Amino acid sequence: MTALLAVWFLPERASDIAREVDALFYGLLVLCGIIAIGVCAAVIVFCLRYRQGSNATRQAEQKTIPLEITWSAIPLVIFIALFIWAGAVYFHMSKPPDNATEIHVVGKQWMWKIQHPTGRREINEIHLLINQPVKLLMTSQDVIHDVFVPAFRTKQDVLPGRYTIEWFTPIKTGDYHLFCAEYCGDGHSRMGGWVHVMAPDAYAKWLADTSTTESVVAAGARLFQARGCAGCHGPNATVHAPPLNGIFGHPVALSTGKTVIADEQYIHDSILQPKKDIVAGYPDNLMPTYQGQLGEEEVMELIGYIKALGSTSGGVP
Amino acid sequence: MNAIATPQAPPQPPSHEPSYLAVENTVRSWLLTTDHKRIGILYMISITLFFLVGGAAATLMRLNLLTPQGALVTSTTYNKLFTIHGVIMVWFFLIPSVPTVIGNFVLPMMLGARDVAFPRLNLASWYLFIGGGAFALWAIIAGGVDTGWTFYTPYSSTYANGHVIAMATGIFIAGFGSIATGLNFIVTVHKMRAPGLTWHRLPLFVWSMYSTSVILVLATPVLAITLVLMALERAFGIGIFDPAIGGDPLLFQHLFWFYSHPAVYIMILPGMGVVSEIIACFSRKAVFGYYFVAYSSVAIAVLGFVVWGHHMFVSSQSIYAGMVFSILSFLVSIPSAIKVFNWTATLYRGSIWFQTPFLYVLGFIGLFTIGGLTGLFLAALAVDVHLTDTYFVIAHFHYIMVGGMVMAYLGGLHYWWPKISGRMYPELLAKLSALFIFAGFNLTFFPQFILGYLGMPRRYHAYAPEFQVLNVLSTAGASILAIGYFLPLAYFLWSLRYGKVAGPNPWQATGLEWTTESPPPEHNFTVVPIVTEPPYAYDPVAAEEALAAKREQREPAYVR
Ligand SMILES: [Cu+2]
Ligand SMILES: [Cu+2]
Chain A
1 MTALLAVWFL PERASDIARE VDALFYGLLV LCGIIAIGVC AAVIVFCLRY RQGSNATRQA
61 EQKTIPLEIT WSAIPLVIFI ALFIWAGAVY FHMSKPPDNA TEIHVVGKQW MWKIQHPTGR
121 REINEIHLLI NQPVKLLMTS QDVIHDVFVP AFRTKQDVLP GRYTIEWFTP IKTGDYHLFC
181 AEYCGDGHSR MGGWVHVMAP DAYAKWLADT STTESVVAAG ARLFQARGCA GCHGPNATVH
241 APPLNGIFGH PVALSTGKTV IADEQYIHDS ILQPKKDIVA GYPDNLMPTY QGQLGEEEVM
301 ELIGYIKALG STSGGVP
Chain B
1 MNAIATPQAP PQPPSHEPSY LAVENTVRSW LLTTDHKRIG ILYMISITLF FLVGGAAATL
61 MRLNLLTPQG ALVTSTTYNK LFTIHGVIMV WFFLIPSVPT VIGNFVLPMM LGARDVAFPR
121 LNLASWYLFI GGGAFALWAI IAGGVDTGWT FYTPYSSTYA NGHVIAMATG IFIAGFGSIA
181 TGLNFIVTVH KMRAPGLTWH RLPLFVWSMY STSVILVLAT PVLAITLVLM ALERAFGIGI
241 FDPAIGGDPL LFQHLFWFYS HPAVYIMILP GMGVVSEIIA CFSRKAVFGY YFVAYSSVAI
301 AVLGFVVWGH HMFVSSQSIY AGMVFSILSF LVSIPSAIKV FNWTATLYRG SIWFQTPFLY
361 VLGFIGLFTI GGLTGLFLAA LAVDVHLTDT YFVIAHFHYI MVGGMVMAYL GGLHYWWPKI
421 SGRMYPELLA KLSALFIFAG FNLTFFPQFI LGYLGMPRRY HAYAPEFQVL NVLSTAGASI
481 LAIGYFLPLA YFLWSLRYGK VAGPNPWQAT GLEWTTESPP PEHNFTVVPI VTEPPYAYDP
541 VAAEEALAAK REQREPAYVR
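Chains as they are written, first to last, in the UniProt record's numbering: chain A, 1 to 317; chain B, 1 to 560.
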């Protein structure tokens, strides 16, 4: 019986955030249960007591205002409290910690392509180390998808042309469903797989058992040379192009007079749509577009490399 | 002894005119009619047919979900089925249901008017509706569309196969029918009220129809624009929504939900109006807190326009936008809560008469309460993240739209059927089918709340095996529900010929529509009604006295 209950009503709780979400869920359940039962009980009692022909007191008119105020004000207070509670958990969900491992996720009809910082790639499967916070940097190659791991109680749309992030800390070893939760066409219900949360030794074994030799940063560095970025942006470049060392996470002045923070999205767009934002003081027609030449995964590798570039000039750390 | 109910105006003198049904009975006279009552009937027949189409799609989906592999149809077919189900049920059944059938039939009579303000525009609305419906049906027959009723881009604009543009055109055209109906009702309420019928003497159904009409007029054009933009991108590759050609991937969702959230209220406010009418009549008591119920409709219409972002908490909209939409969504639920509390209080110290319309209203209150409360889960940001795009959402909005609106529509049909047809439906059978519908509905949709919490995503043709038991329960419920829906169809038709003759006011109700004959003469009223009473001048004490007196004479209650 308890096993049945567990399968049916208590989904696995495998991330730290899941506890907070469930607490809120059950809080709501109790509260709404009380309201629903209260309303239904009142309706049933009134229906029985005041049914035609019963000998109860009848009365055509009653005072309304005090009741109206009561039943508007009480829900208002409760709702504001709920909003604050739920908002606080949401806020927590939206802000990944600094020590989170960054994993790249690219969705396409109908598969998930995963790349770990070590460079190891997976499809429709993500292997994770228990208790290690993880931040997924995600984008789509075609339509909107959504990474949903019910056991972690988190979900985030994955958009084309835009980066979104989703983070969690797995706290329980096991295999958990990975679903696509945004309708994306024919194979939508097949677009999923498994998240494997592993104990340290098992994870170490999984890591060792790999043929990948090139980390994300190394792959990015290789692309940076191979695709000619270095020719303009490298330390020995003769062209007038901005150095990329240390730009990540720092403000960049644009030709329009605006200033933006160079985040993943900014670098992504600088590579694929260079005309969108021009760095102040640099020619606006020099940087070629790589739209159609670099895949989303390669762009992510380049970003990984640019992030890793120290603030001192040149070189891979 | 007092009257158990004082009508808003004295009963009409006999009219000697033939009823609106008997005036002329050629096909031409029906297809070119400008009589609001006949147009209501035209709508009733057409939305019933659309309901059968949407219901057939739902049946196939539920059958397919009996097994985790989804063995009955292919995923392509399944995706087309849920698109058909959504598009047809939302735009060709729910949105027109109460407004165009009951609203058209009853609203002018409640106002003491001979017709709506623009009778020919009213007929034009029906033709737009049918024209739009024809496009939609053509799109289905020609091969279907698999975008879902939400048409999210860039899937719909760039990647989907099928007749997306034809389907969108159908919705676009039908939308203009909605706008015209909304406009017509607004002007009718402003301009055609009988002498003495002040705003605060209006039946609550009129208030809710008025609020609905405002939404129809303001929101539907946004849908039209959105669909045009989507079609432009699809047909000519103009980059609006698809980032690959320079568009914004989130813009479509903002535009779509800016219409579609208010549309949710188009699909529930009219039902709330029906509930207010019925609950007053069958508890023989004025609706508790008239002003609160009336103005909460207006509040819903206004607030409904500023909560669309609650559909987008995981879409990558900023977390601060999420916070604002969350608090507003909590606030918009307060006017709905006020209505439920007022209806409940109306029963207190009433004289409750258990007839079928009242049973539907009880069903409405229970199901709408559950639907509304589960909406709080979805307004609560962190919980929504887990629940959105799962079966929890499916269950939530079916509780509102099927448990709420369809219950109200059926309740209203039973309540006004004697007026519409001049005949009574068979009471016992009607009560039985109301029970079937209530039971079947809960068995169908309650398991879906659990499925959603367990993490089953919506729009899945195949699913993980652990979800099977709950899916089978849901399908079992759906078959009971289907039987429940077929029964009224059958006995309403039966009653047209064999039902007991109803008389002008079988429920002893107070509205102006009950002062005239059943079925009403073509121009509704022989003399202009002069309104002297507030709505709902029911008296539960007098009702009990009348009942006791009749009992003594060994006669059945009221007029039966
Ligand atoms: Cu998908
Ligand atoms: Cu909404």
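Hints listed in this document are in silico derivations from the structure and should not be mistaken for laboratory results.
Quantities reported herein were computed from a predicted structural model and do not represent experimental measurements.
Where hints are given, some of them may not hold.
[Claimed, not checked] Here are a few chain A residues that sit away from chain B, every Cβ distance over 12 Å (derived from the structure):
1) A253
2) S255
3) G281
[Claimed, not checked] What the simulated footprint calls covered on chain A by chain B, stretch by stretch (three residues with Cβ under 8 Å from a Cβ of chain B suffice, anywhere in the stretch; the number is not a length):
4) 49–62
5) 124–134
6) 226–233
7) 284–290
[Claimed, not checked] Label pairs and their in silico Cβ distance ranges:
8) Y498/B - R49/A: 33 to 39 Å
9) G246/B - W206/A: 39 to 45 Å
10) P465/B - K63/A: 34 to 40 Å
11) I34/A - P465/B: 56 to 62 Å
12) G228/A - L232/B: 56 to 62 Å
13) T57/A - L435/B: 47 to 53 Å
14) K63/A - I530/B: 27 to 33 Å
15) D98/A - G246/B: 47 to 53 Å
16) E17/B - L31/A: 56 to 62 Å
17) A142/B - R49/A: 53 to 59 Å
18) A142/B - G295/A: 34 to 40 Å
19) K63/A - H200/B: 17 to 23 Å
Ideal placement from N, C-alpha and C gives every residue a C-beta, glycine not left out.
12 Å Cβ clearance of S255/A from chain B: 20 Å, holds
Distance restraint hint 33 to 39 Å, applied to the beta-carbon atoms of Y498/B and R49/A: This hint holds: roughly 37 Å between Cβ atoms.
Tell me if the beta carbons of A142/B and R49/A are separated by a distance inside 53 to 59 Å. 58 Å, holds
For the region 124–134 of chain A, does the count of residues with a C-beta closer than 8 Å to a C-beta of chain B reach 3? With 0 residues close enough to chain B, the hint is violated.
Go ahead and decide if the range 34 to 40 Å is satisfied by the Cβ distance of P465/B to K63/A. 57 Å, violated
With respect to the beta-carbon atoms only, verify the hint that K63/A and H200/B lie 17 to 23 Å apart. 18 Å, holds
Using the Cβ atoms, figure out if I34/A sits within 56 to 62 Å of P465/B. The hinted range 56 to 62 Å is violated for I34/A and P465/B, with Cβ atoms some 35 Å apart.
How does the Cβ-Cβ distance of D98/A and G246/B compare with 47 to 53 Å: does it lie in that range? 34 Å, violated
Kindly confirm whether 56 to 62 Å is satisfied by the beta carbon distance between E17/B and L31/A. 57 Å, holds
Coverage criterion applied to the region 284–290 of chain A (partner chain B; beta-carbon cut 8 Å; 3 residues): violated (count 0)
State, for the Cβ atoms of T57/A and L435/B, whether the hinted interval 47 to 53 Å holds or is violated. The hint (47 to 53 Å, Cβ to Cβ) is violated, given that T57/A and L435/B are roughly 30 Å apart.
Cβ contact check, 8 Å cutoff: the region 226–233 of chain A against chain B, three residues minimum: violated (count 0)
Checked against the numbered hints above, the structure violates hints 5, 6, 7, 10, 11, 12, 13, 15; every other hint is satisfied.
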